[in-house]
Amino acid sequence: MSSHGIRDRVAIVGMGCTPFGEHWTRSADDLLVDAVGEAVTSAGITIDDIDAFWFGTQASGVSGLTLSRALRLPHKPVTRVENMCATGSEALRNACYAVASGAYDVAMAVGVEKLKDSGMSGLSGTAIPGAGDDSRGEVTAPANFSLLAPAYAAKYGLAEEELKDVITRIAWKNHVNGARNPRAQFRKEVPLERIRSAPIVAGMLGVFDCSGVSDGSAAAIVVRAEDAYKYTDRPIFVKALSFVAGPADGLLDPEYDFTTFPEVVASAQEAYRQAGVTDPRAELALAEVHDCFTPTELVLMEDLGFAERGQAWKDVTSGSFDLDGSLPVNPDGGLKAFGHPIGASGLRMMFEAWLQLRGEAPAERTVKSVAEGRSLALTHNLGGGPGECVSFVSIVGSELSA
Amino acid sequence: MAGLIAYGAHVPYHRLARADVAATLGTPPGRGTRAVAGYDEDTTSMAVEAARVALARDCLRPRIGQLFLATAAPAYLDKTNATAVHAALRLDEHVLAVDMAGSVRSGLGALVTAARSAVPTLTVLSDLRTGLPGGSDEVAGGDGAAAFVFGGHRNGAPVLAELLAHDTVSDEILDRWRLPGAPASRAWEERFAEEIYVSLADKALTAALDQAGLDRGAIDHLIVSGLHARACATVRRTAGARPEAAVPDLTGVIGNAGTAQPGLLLADVLDRAKPGEVIALVVLGDGAGVVLLRTTDALPAHRSTRPVAAQITAGSAPMPYATYLSWRGLLDREPPRRPDPEPPYAPPAHRRTAWKYGFVASRCEKCGTRHLPPDRVCTSCRSVDAMTDEPMEHVRGTVATFTVDRLAHTPSPPMLVVVVDYDGGGRFRCQLTDATEADAVIGARVEMTFRRTVTASGIHNYFWKARPVRTGETGDETEETHG
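Sequences listed follow chains A and B, in order.
For the first sequence, position 340 (counting from the first letter as 1) is numbered 340 according to the numbering used here, and the numbering increases by one without interruption.
For the second sequence, position 449 (counting from the first letter as 1) is numbered 449 according to the numbering used here, and the numbering increases by one without interruption.
A hint or two may mislead.
Here chain A is said to cover these stretches of chain B; the calculated rule only asks that three of the stretch's residues, wherever they fall, bring their Cβ under 8 Å from a Cβ of chain A [to be verified]:
1. 272–279
2. 372–382
3. 395–407
4. 423–436
Keep in mind that the hints were calculated from the coordinates and are not lab data.
Think of the CB as a built atom: it goes at the ideal place given N, C-alpha and C, for glycine as much as any other residue.
Whenever a hint applies, use it, and build me the whole structure from the sequences.
Shown next as structure tokens:
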């Protein structure tokens, strides 16, 4: 048994993405209609041209009917997928495989989430009838990811105040990027001191260390690579799709030290193998990563191979991952500033790769690495938390391999 | 020889200063402090904590034949509360577990019933005293629990105090009462019952001493317990025991824990009594009762691992009165903007009783990896169904990482969360209780405590939390008796 990638076998030829934010006047259906509409327009097709749909949402609907009803799809296959915050990426992966298998010519991946109707702070989660008895020690999402901070500081000898400076800078950077993104939830730069002194939510994390709770939808149209130029002059080709669900043993195993996501390491290595990438920091033009909370982005820089173990905080501080850094990370603002409607986020990341690799990102946040000849983008999307997560890594490129 | 073979007490960590009540409400200043059950404690969870101390020697558990839980503040009606205690203690399923609930006198009833029983009996006295804000019941009351095992001598379980005699008199007297559901009890004019109680105590004490063939001068420790403070003081003064035998009632530091008070006072005496001393426990309430005990040579070697005095010393700095009021449900505060807490679901809770109540993990027979919660598939070698039970309640651990969750639903925000790595293997993430944010640090030593985590949809959720290992409490029993 082995994993066979589908490098260069499928391409994305159309994408759509709504603005993310507080859509008080619009429903999940409205958002789906908008994102799907933009995607089909960008591919120059109609909805009837799409053969099959993979629809991702965590809690804003169940079954394929949520999509088929909203779009009044006439008797098409629609599969709802869910993998926590990686739901959008899971939808994309399935759509890609469906086309690569030859089963369909044109597939669509759509993700949506409507979080702001709940009236809750943060993620309201889903009503999974689990043990319901506190015997797993459940905590809120910010508290869960905040567990990384003291562990990282202790392991690498940073004072907690120093680490606070590092994560503050991550939030600052993503707000700078988001301010240049008309679709982002938060479009203002935020001074470092304001981020640093914001009210604390959990552990070391203030409100600015947390991703935006938002509504939104994003969609992608996938076709066989050889058909791609029928739809667009600038398709992006799928180089790697790597998804893992971990054994969820980090909360059981004292050897897990809360300074890494082993699931991310595994999925990244597999993605680099599929895509033939050996030096991601040098080869990638940009990376969109799952910065649900600022310490997550810090740890991801090491897990994805962008920084040496224990060194990412230095790279963050020196600006390596800034918009004008050696490897821009989250040039669209990330979950932090773009917002995080669970089921849509993975596809939103891909939307940024789509814009940047096609040269369509607004000039003020266009990464210069593309003009310098890099043609690969990475998206990383995870669900769960430290010790227990699912992780997705994709690599896409604007050129077919020689 | 029949008698007491084990005992233990639980004094909650928190304290309320009476002066703070007075300052808040503008009432005349009070003195001293009272013990306050945590927001995550009730009479059931406190009973478990006291019984865990009493049963610190694991050899006792298989011997227990029946369990009585006495309380005037039962966590549930209709449903037995003693069964939760039974489950948390991992007692054999054939052990009778029943409540003696409703009246403060049930504490005396449970003690006497246990002392009379033919089978080794665990009796737990637990109470949580609440009154209306500023009332004497609130400021004089206290919370706590005490547990006693009565039985005969067997290997490894020597009698610590021989039962010499007991007597009870019953009297229907309207000196204190509470309608079910009422927030506080009511009392008749204090002077009314005083004379009656003094006379009833004399009758019971006389009868018990006669049975034992002792006179009042033989009493080395005279404990007088009851909610009628004035009557108790008079009995203490006029019972005819030597003046130095009168035992202080601890009300000044932890308050009067009602049903549990005779137990807490008896435990405190047992913590320091010498061998061969006579203890007279006099309990007033709807009559009077007397239990006469004589300590044995075995007592010094088998005292409680958590003396009452040490628990009093290890208590918190006084908490704000407003916090006390909100914990007791007397001050309704704005909840977080989060989904309401989930109640436990009956079937999964029942399937996992050993874990949820007993904190029983599993250990892989193939590779030795410990799993909390217990699993069927080993996280290390992935062997399937090759696990043995591994009780974890006594195992201490070290904090691997932590957080302070300011968003989580908790009756006392913020929620402290720690990832605990246990001595001997295994990890679990849980709440940290009886602690402040300063206690949540990497490397902190913690031990487990049984708590009521939340009440949702009218259902109490019981589970284990970690608490700091505090100096002032004796016994790192982990290594010696539980290895």
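Do the hints match the structure? See the list:
Taking a C-beta to C-beta cut-off of 8 Å, the segment 272–279 of chain B contributes 0 residues in contact with chain A, too few for the three needed, and the coverage statement is violated. Chain A is given as covering the segment 372–382 of chain B, and this holds because 5 residues of the stretch bring a CB closer than 8 Å to a CB of that chain, at least three being needed. Here's how the segment 395–407 of chain B fares: 8 of its residues keep a CB closer than 8 Å to some CB of chain A, so the rule of at least three is met and the hint holds. Coverage of the segment 423–436 of chain B by chain A holds [criterion: at least 3 residues with CB-CB distance below 8 Å; count 7].
Hint violations for this structure: number 1 only, all remaining hints satisfied.
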